[in-house]
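Same order as they appear, the protein sequences are chains C and R.
Position 159 of the first sequence, counting from 1, maps to 203 under the numbering used here, and the rest follow consecutively.
Position 63 of the second sequence, counting from 1, maps to 66 under the numbering used here, and the rest follow consecutively.
Hints are not guaranteed to be accurate.
Unchecked claim - Result set (BS3-like, lysine-lysine): computed pairs, CA atoms no more than 30 Å apart in a straight line:
{"hint": "1", "chain 1": "R", "residue 1": "K24", "chain 2": "C", "residue 2": "K181"}
{"hint": "2", "chain 1": "C", "residue 1": "K226", "chain 2": "C", "residue 2": "K152"}
{"hint": "3", "chain 1": "C", "residue 1": "K116", "chain 2": "R", "residue 2": "K186"}
{"hint": "4", "chain 1": "C", "residue 1": "K170", "chain 2": "R", "residue 2": "K244"}
{"hint": "5", "chain 1": "R", "residue 1": "K186", "chain 2": "C", "residue 2": "K181"}
{"hint": "6", "chain 1": "C", "residue 1": "K152", "chain 2": "C", "residue 2": "K170"}
{"hint": "7", "chain 1": "C", "residue 1": "K177", "chain 2": "R", "residue 2": "K186"}
{"hint": "8", "chain 1": "R", "residue 1": "K244", "chain 2": "C", "residue 2": "K120"}
{"hint": "9", "chain 1": "R", "residue 1": "K158", "chain 2": "C", "residue 2": "K116"}
{"hint": "10", "chain 1": "R", "residue 1": "K242", "chain 2": "C", "residue 2": "K113"}
{"hint": "11", "chain 1": "C", "residue 1": "K116", "chain 2": "R", "residue 2": "K244"}
{"hint": "12", "chain 1": "R", "residue 1": "K192", "chain 2": "C", "residue 2": "K177"}
{"hint": "13", "chain 1": "C", "residue 1": "K120", "chain 2": "R", "residue 2": "K158"}
{"hint": "14", "chain 1": "R", "residue 1": "K192", "chain 2": "C", "residue 2": "K116"}
As the list claims (entries may be wrong) - Heads up, incomplete: computed chain C residues facing chain R, CB under 7 Å, no partners named:
{"hint": "15", "residue": "Q119"}
{"hint": "16", "residue": "I124"}
{"hint": "17", "residue": "Y132"}
{"hint": "18", "residue": "N136"}
{"hint": "19", "residue": "G149"}
{"hint": "20", "residue": "K153"}
{"hint": "21", "residue": "E156"}
As the list claims (entries may be wrong) - Covered, in the sense of this in silico footprint (three residues per stretch, anywhere, with C-beta under 8 Å from a C-beta of chain C), are these stretches of chain R:
{"hint": "22", "segment": "9-22"}
{"hint": "23", "segment": "78-84"}
{"hint": "24", "segment": "92-106"}
Rather than coming from a laboratory, the hints here were simulated on the basis of the structure.
Ideal Cβ positions, reconstructed from N, Cα and C, are used throughout, including at glycine.
Next come the chains, spelled out residue by residue.
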Amino acid sequence: MGIVNVTNLKKVYGEFQAVNEISFSIEQGEVFGFLGPNGAGKTSTINMMIGLSKPTGGHIMIDGIDAIKDIKQVQKIIGIIPDENNLYDEMNGFNNLCFCASLYGIPKKEREKRAMELLEQFNLTKAGKRPFKAYSKGMKRKLTIAAGIIHNPKILFLDEPTTGIDVESARQIRELILDLKKQGKTIFITTHYIEEAERICDRIAFIVNGKIVKIGTLTESMENVEGEHKIKLQLNSSIKDMKEELENSFVNCRVEIPDENSCLIISKERVALFPILQLLDNKGISVYEAKAIKPSLEDVFVKVTGIEASKLKKEKEKAGK
Amino acid sequence: MQTLIAFWNILKKDIENYYLKPPNISWGIIFPLSWTLMQLIRSPGNIGIVELLPGLMSMSVLFGTTSMLAVTITFERKGRSFDRLLLAPISISTLVFAKILGAVLFGIVNAFVPVVFAAFFINLSGVNWGITVIAVILIAITSALLGLLIAISAKEVFEAQTFSNFFRFPMLFLCGLFVPIAKLPVILKPISFLLPLTYGTDILNGVITGNSIFGTIFNIFIMLVFAALLFYLCQRNIKEKWIL
């Protein structure tokens, strides 16, 4: 049993099924990612888990509390960072943080101390007295994250934390998320940025059309996605003439020659390198480098969702505008 | 204690962010003042002022509370800052109470602008101020809850304004503010008795002019019933419409 357990969760809006009986669990201290295109059901799922939406069916248990029956108890131990920066425009950064802390019943002195600490941690001390509306997009995002952790929650829900901000701010936010992980926080993150999921998540669930199509650790997700193992050899000369000989010698392998000085050994099973290297050496061919070619998370995504990475990239660009 | 901290800070934030902003202070003073002046000009005698005072007070509360609450909540909903309040570990009733209290206080201040102005022209020493304050508080609470109910149904600020006027203007003419209920067409009379403002104005009429349809205790009881009903509807509608 993880700290978060979701079973057969379902959400229907009229005739549209936004979330279709999904189940997953998150271990304590884990960064769990929900990866999928826009409209896949990521935000619908997060909204049901935090109490902003009522599930049509299923169960959500968070830290041993039934989140459907007793959401107010759950809200005491969770921090929420929505996909939009929803702090108060007229209030300054410091007051925004103090106000958010007050919603969790934190006494004045304590919340002021915590707000100062967070402004420092997020490099926003100088901007603390400026109204929120005067912040840049990246600063707004950072303050929104600070507001989500002001009450020191056990579990953190981040909905698209880096959407629509500049590269440097996105990098800083990813570092902050990893810092929070080091502090022992359990983190549930939704994203449609493949590289983001790859960098910060321990486990990833791929969600498409309201269904989880694959779930696992990064290694599990990327392992043998195409049912093949590939090894790329860097050589001192071309082996075009030897392709057939190699394939005949190693019957379970297929050989591809992508360019003059390299070749790909492809097999359904793990490839034993030594006999190949020996054969090449006997033919006077030197192998400078042998590298296992692993699929990227993007390859996995395309494979399991059937959605082209270019489509996701377009969405990413649209969201960034 | 934790709930109290959250409650107080929501109220404080609303007062500082909305009600104490110069445009709203001027709205809170200028609107009742201009209505009072308008009525003074058209009713030169002192008797006219006394008769109009309950209506002016009720109207000031009604417009002050409904306008502010409907607009501020719709504004917060649109910017999604209201989600923060919905996601805080406080009950919906604490949230509703904290949100309406700012508007209620604003409405109470609005109600006494015509009183201050009228005090320069007429003797108000015979008025039972204790009952007057209770009536103003009850009108402010029911109007604020009505404003909240409107805000829950509106998606845009302009929608909230339109819905507010849809309720407010008919109410002005049906609750005995300017046209006594006895003189209303038979078909409209039952509608008058369905409006909370009718009973609030009746209390004010009773304590200021000495003319009322019902007894003060009965009016207070009905106002409390309206407040409880509207409070329940606001909570229910927030859960149904905002926690989808």
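Hint check results:
Straight-line distance between C-alpha atoms of R/K24 and C/K181 comes to about 26 Å, which keeps the hinted pair within the 30 Å bound. Among the hinted pairs, C/K226 with C/K152 is consistent with the structure: their alpha-carbon atoms are about 28 Å apart, no more than 30 Å. Note on C/K116 and R/K186: the hinted pairing is violated, with a Cα-Cα distance of about 52 Å set against a maximum of 30 Å. Straight-line distance between C-alpha atoms of C/K170 and R/K244 comes to about 40 Å, which puts the hinted pair past the 30 Å bound.
Distance hint between R/K186 and C/K181 is unfulfilled; the C-alpha atoms sit about 60 Å from each other, more than 30 Å. Of the supplied pair hints, the one linking C/K152 and C/K170 holds, its CA atoms being roughly 21 Å apart against a limit of 30 Å. For the given pair, C/K177 sits about 53 Å from R/K186 by alpha-carbon distance, which is inconsistent with the 30 Å threshold. Proposed proximity of R/K244 and C/K120 is supported: the alpha carbons are some 23 Å apart, at most 30 Å.
Straight-line distance between C-alpha atoms of R/K158 and C/K116 comes to about 26 Å, which keeps the hinted pair within the 30 Å bound. Distance check on the hinted pair: R/K242 and C/K113 sit about 14 Å apart at the alpha-carbon level, within 30 Å; holds. Annotation: proposed proximity of C/K116 to R/K244 holds, straight-line Cα distance about 18 Å (limit 30 Å). Of the supplied pair hints, the one linking R/K192 and C/K177 is violated, its CA atoms being roughly 50 Å apart against a limit of 30 Å.
A threshold of 30 Å between alpha carbons decides the hint, and for C/K120 with R/K158 the separation of about 29 Å falls inside it, so the pair holds. Between the alpha carbons of R/K192 and C/K116 the distance comes to roughly 45 Å, so the proposed pair goes past 30 Å and is violated. For the restraint placing C/Q119 at the interface with chain R, the shortest Cβ-Cβ distance is roughly 4 Å, inside the 7 Å limit, so the hint holds. Satisfaction of the interface hint for C/I124 is found here, the shortest Cβ-Cβ separation to chain R being roughly 5 Å, below the 7 Å cut-off.
Look at C/Y132: its Cβ gets to within about 6 Å of chain R, closer than 7 Å, so that hint holds up. A cut of 7 Å between beta carbons decides the hint on C/N136: the least distance to chain R is about 12 Å, and the hint is violated. Checking C/G149 against chain R: minimum C-beta separation of about 2 Å stays under 7 Å; hint holds. For C/K153, the interface hint is violated, the least distance from its beta-carbon to any beta-carbon of chain R being 12 Å, above 7 Å.
For C/E156, the interface hint is violated, the least distance from its beta-carbon to any beta-carbon of chain R being 12 Å, above 7 Å. Judged by the Cβ-Cβ criterion of 8 Å, the segment 9-22 of chain R is covered by chain C as claimed, because 6 of its residues qualify and three suffice. Coverage of the segment 78-84 of chain R by chain C holds [criterion: at least 3 residues with CB-CB distance below 8 Å; count 3]. Here's how the segment 92-106 of chain R fares: 3 of its residues keep a CB closer than 8 Å to some CB of chain C, so the rule of at least three is met and the hint holds.
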